[in-house]
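Undergrad: Read off the chains here:
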Amino acid sequence: MFLTIGTTSAGLGAPATDLGFLLHKNPARPQSMEVAGGTVHVFYPEATDERCTVAVLLEVDPIALVRSGRGRAAEGFTLGQYVNDRPYAASSLLAVAVGKLFRTAMIGRCDARPELTTRPILLDIHVPALPCRGGATMAERLFSPLGWSVDAQPVPLDPEIPAWGDSRYVDLRLRGELRLADALHHLYVMLPVLDDAKHYWVGSDEVDKLVRAGEGWLGAHPDRELISRRYLAHRKRLTDSALEALDRLVESDGVEVETSPDEPIAEVGDDLAGDSEQPVSLAVQRRTAVVELLREIGARRVADLGCGEGVLVAQLLKDSSFTEVVATDVSARALTYAERRLHVDEMSDRKRERLRLFQSSVTYADARLADLDAAVLMEVIEHVDPPRLPALAHAVFGAARPGNVVVTTPNSEHNVRFETLPAGAFRHPDHRFEWTRAEFQDWATSVCAAYGYDVSFRPVGPDDPEVGPPTQLALFRLKEAV
Amino acid sequence: MDRIGIPALSLVVLIGVSGSGKSSFARKHFLGTEVISSDFCRGLVSDDENDQAASKDAFEVLNFIAAKRLAAGRLTVIDATSVQPESRKQLVALAREYDVLPVAIVLDVPERVAIDRNALRPDRQFGPQVVQRQRQQLRRGLRNLKREGFRSVHVLDSVEAIDAVSIERTRLFNDLTDQTGPFDIIGDVHGCRAELEQLLGRLGYTITRDADGRPIDAAYGGSRAGAEPAGDPGAASVAGAEPEAEPAGDPARRVVFVGDLVDRGPDTPGVLRLVMGMVASGNAFCVPGNHEDKLLKALRGKKVKLSHGLEESLAQLAAEPAEFRADVEKFIDGLISHYVLDGGNLVVSHAGLVERMHGRTSGRVRAFCLYGETTGETDEFGLPVRYPWANDYRGRAMVVYGHTPTPVPEWINNTICLDTGCVFGGSLTALRYPERELVSVEAIEQYYEPAKPLHTATAPGREPDVLDITDVTGRRVIETATHGRLSIRAEQAGAALEVMSRFAIDPRFLLYLPPTMSPVATSPIPGVLEHPVQAFEAYKAEGVTELVCEEKHMGSRAVVLLTRDDDVAEKRFGLAGRGAVHTRTGRSFFDTTLTDELLLRLRAVASEAGLFDELDTSWLLLDAELLPWSAKAIELLKNQYAAVGAAARTSLPAAMVGLESAVAAGLDVGDLLARTQRRTVNAELFSAAYRRYCWPTEGLDGVRIAPFQVLASEGTTYEEKPHAWHLAIADRLVAAGPALVTATRRLFVDLDSWEAGIAWWEELTAAGGEGMVVKPAANLVRTKKGLAQPGLKVRGREYLRIIYGPDYTEPANFDRLRNRNLGHKRSMALREYALGLESLNRAARGEPLWRIHETVFAVLALESEPVDPRL
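Line by line, the protein sequences give chains V and L.
FYI, the numbering for the first sequence is 1 to 482, going by the numbering used here.
FYI, the numbering for the second sequence is 483 to 1353, going by the numbering used here.
It should be emphasised that the hints constitute simulated quantities derived from the structure, not laboratory data.
For glycine and all other residues, C-beta sits at the position ideal for the given N, C-alpha and C.
Each hint should be verified, as a subset may be incorrect.
Short derived list, chain L residues pointing at chain V, Cβ under 10 Å [said to hold, decoys possible]:
#1 797
#2 950
#3 973
#4 986
#5 1125
#6 1129
#7 1140
#8 1144
#9 1149
#10 1154
#11 1156
#12 1170
Covered, in the sense of this in silico footprint (three residues per stretch, anywhere, with C-beta under 8 Å from a C-beta of chain V), are these stretches of chain L [to be verified]:
#13 951 to 964
#14 1090 to 1100
#15 1309 to 1321
Let's have the full structure, built from the sequences with the hints guiding it.
TA: As structure tokens, then:
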């Protein structure tokens, strides 16, 4: 991973080599330093009175990175921790190295040339391989407001396989007249923000670091929220061996590892909110609809099958008319997050007694789900491969056999109303199908015939006269035994 | 009283006042672990055996332990005073809950004896009034013990009687575990005497007739009429009960009747006469059906509703002499609810039996055996809806039963119903045990109108193969034929549950997951991580010298379930479709349409090659490689491998430009420049390595299959067939379908031809090949140390770049990477291999779905172990 920062005598208003004073690095003496992840080298490809460029080359030691546990924290126990772009791409490791190399310069101190620290100088920055989530336009969007002119060229994935298109890297050149300390702070914050991958150095003081590094510019940045969110969003990944196990299994199939991301990927449409017509997001409307329905049918013992991180469960626990709340998910990781979100450890005994949280699967019969008044499958069925739906129907309607079953699923007819959603695409990458209202009703009817339920349907969200509501809901009620 | 007989499985309750000598008595007659004393439990919870305040907790502990023992089928003795009816009531309830017989043994010693004994013990300084009170309670309750529910009550009313008594454990009546068969188990006869005679004849039995020509006995092969009775458990345990003159290779067979001999049919007395004769002569066992139960009540003059054919039986029996009716009454009265036979491998009961009731005795067990369990609902014909207990059955024993007419007997989880509705015009069916063969004769006519038509007796299609979460989760221990007992940890199962549920195909098509394979030991050659010599040496050390080197294809491991015709999948696996093509974690490579198209083409190839005929099977399971790798792993290739190449291609040259300028300017960064130059080359080699695994595919165009092993077919597995056989079949598939099927190149080597093997590997990998796998030529090999590794992979230098990273060949990296710990990987490879073979064998044998799925799931669970993924 590599970057250069250059200036000229005209740009500096002094001999260009004075850049060395500003950076506290002697242009005549290359320097190496051990940093997190490897060794950082600083040297000057050119250092004349006219032009001066400093280069930072971080030689990542991938093996040491894995052994120190840093790679493991980021990648889980997968091949990805051994073969990844860290040795080449300008990510958070480089930002950390820059912060360490130029600590004094970032404070803005230069006893030899104090006048240079306060003055904007013309700088040329080159980051040849910058991982950039959001592409070249995102680099432009984040750097431009800070006074940089931005040239970000997408890097092809493989020039010999042009069909694969561009990679997530850009070849970034920044040019601008800024204080050097500010420029360094921009890099320090923006490299990890644009990478938007995992940090290696997440600590409790992360907020302080951002506040310090962002002083004087972040507050006025139009995308300050995006920057803060990306910078701080990466929760420390669970390193529980049981959870890594999943990554291994999924990777061994040659599929992308990010199947169960720390940050659940929001479904398209779920975050639509804020305008006058939809004061609350679809996800909230859906949960509200489900909870109200459960109250309406007088359910007391309820289960959220596929509870994810437990958002609905939290809402159910708030209402003491639900005397027992069962929360299941097939993902052990999701359950761990749910336990945290619900603060199970700190729950009062009384509340704790109402909650049962355990791993289960909707394709296996599970006796622990017997005798429920209602089971909720909220945005679950579309994550099940169609050939496995009969097993789901059997496990839920045949084996668990609750008095009521509430199923919600996207209404695919409504997808045309989502401007950001390409035609024919699903709302979430893990969706195996999305049904029209007719398709959903066909399935529901066949389930009823097989397992002795009656079904009725309701819209969730604004019921578009043409394409229907964004979410469709079915309420199944067990027919009385003959 | 000198001798007390107590059933081998029972709850023995010792009753007596404090100081009556219960603990000494228990020590004398029972194992220490069989006895649970309330004093001991008091000590457990309060550190004081006499702390009466701890009694409540102590009895909870006592009940808990007793429950665990009874659930496991172990005789249990309760050593507590149990002088109060309330405390005994709890124990009787416990015995009933686990369907074991409660037995009371009362130690009734004179008050003085008990008081004196207590006085001698410093920890029992509670005055004589305690004993007196206890004795009064005991005396009051003594008479009622039977009524309280104790099956037998033994009162020892003096110190002498207590000292003199001995205890004998008696075998339960239902315990015929020492009867190993073979058996012919016959379904519901319902008075169809003619069909029964026919069936017995077809099964190879010779019928003996009385002076009037009426059948009174039947013996297998005709030579065994009059064998010693075996129906009496007492006699059955006598050594040498087996007949001496038994023709070799043709062991004497016996019949087991599943009950419902009577009612509806034309000759109930005739059937009874024959069956009673066979049971008396030891040629048959018989369990009662609900119809016998009803008939017995009627014969005893109780008021019963004359329905469901009972009227016909009574009319027919009325024509018989009174002594015959008396014999029938006695016969039915003596029938045992169910039998556990052949070391516990076979259970016969009229209406089936859940596992927890096998070998148990209680009114509840008898009711289940006779009537089954009903859901309380009735169907559209007004008949009770039966609880489908067999769907949940997970027991080891085969359960054979009748009771519910069905057109064709079907196996559900190692259970089978043999009632094929003979009296309704169906057939009379027998199951040969242990052969699992069905033999039946058609009904001569319909003797009785069924309440609902026979052909709708079962739901359309078969019962779903229901998998339960407890079939796969939690800590599991699986017995494998090749590698002993293997355990799976709960968290491994948890990880597998998610992958199986979210990504895998229907378990009915998922018969096998391939095991992981260990690489060879690290080569001592500088710069070479893996080399064939280590594979050859490893096998030589185990005494395996005949080896085969197989080319490692540059694709994805694929398991192909192939069917011969479009109706095979539904019939054999209960699932529509043509089969499956799945990955090593059970995920389908393609959507249903493409999968079915691929299977259709492969079916044509296999048919053309004559494989289905040769292996005499309707389905085949093939181990193969699907090419190219990019067909499945395109996302991984792009996002992980190509991305690394792109980042390197952009950053390293830029760094080189900077370093070259710096060197030109006289700075001392020459080493760094040289290193960066090498890394630039490495990155290009890395990109070249992954590019070999990519070629464009569109639908199935460009997709190729390289089979290298036949895993299983109906009734057979092939792990003992040498690889030469497997590869010859692969070659025939290539010949039959060269456009789709790719050959696996191979080289056979022995001790003398290692050099050729090395040269071949060098040639393969120099051309960019992934490498090769070295396997014992004989396939499955057992050595003195156990199973030999089924294969060792020897990967090429360039291929390893995409595993160990572009710069793995740099000396600074290489020396650290050489330290590979292979032990865990090897152990995993063997365990997964054994589990794989186990699932193949279970699938080929047609075992219940949950048994196959258990082992398939276990492979996936083991794969989640944190082993170095580069191995």
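Undergrad: Evaluate each hint against the coordinates.
TA: The hints, checked one at a time:
1. Restraint check, residue 797 of chain L versus chain V: the minimum CB separation of about 35 Å is more than 10 Å; hint violated.
2. A least Cβ separation of about 5 Å between residue 950 of chain L and chain V falls short of the 10 Å threshold, and the interface hint therefore holds.
3. Interface hint status for residue 973 of chain L: upheld, as the beta-carbon distance to the closest one in chain V is roughly 4 Å, under 10 Å.
4. A distance limit of 10 Å between C-beta atoms decides the matter here; for residue 986 of chain L the minimum to chain V is near 8 Å, and the interface restraint holds.
5. The criterion of a C-beta within 10 Å of any C-beta in chain V is met by residue 1125 of chain L, whose closest approach is roughly 6 Å, and the hint holds.
6. Below 10 Å, beta-carbon pairs count as interface contacts, and residue 1129 of chain L has one with chain V at about 4 Å; its hint therefore holds.
7. A hinted interface residue such as residue 1140 of chain L counts as satisfied when its beta carbon comes closer than 10 Å to some beta carbon of chain V; here the least separation is about 4 Å, so the hint holds.
8. Residue-level restraint check for residue 1144 of chain L holds (minimum Cβ-Cβ distance to chain V is 5 Å; threshold 10 Å).
9. Taking 10 Å as the C-beta contact cut-off toward chain V, the hint placing residue 1149 of chain L at the interface holds, the least distance being around 5 Å.
10. Checking residue 1154 of chain L against chain V: minimum C-beta separation of about 6 Å stays under 10 Å; hint holds.
11. A distance limit of 10 Å between C-beta atoms decides the matter here; for residue 1156 of chain L the minimum to chain V is near 13 Å, and the interface restraint is violated.
12. With a least beta-carbon distance of about 9 Å to chain V, the hint placing residue 1170 of chain L at the interface is held under the 10 Å criterion.
13. With a threshold of 8 Å between beta carbons, the proposed coverage of the segment 951 to 964 of chain L by chain V holds, since 5 of its residues qualify and at least three are required.
14. For the segment 1090 to 1100 of chain L, the assignment as covered by chain V is violated, since 0 residues bring a beta-carbon within under 8 Å of that chain's beta-carbons and 3 are needed.
15. Note: the segment 1309 to 1321 of chain L has 0 residues with beta-carbon separation from chain V under 8 Å; the three-residue rule is not met and the coverage is violated.
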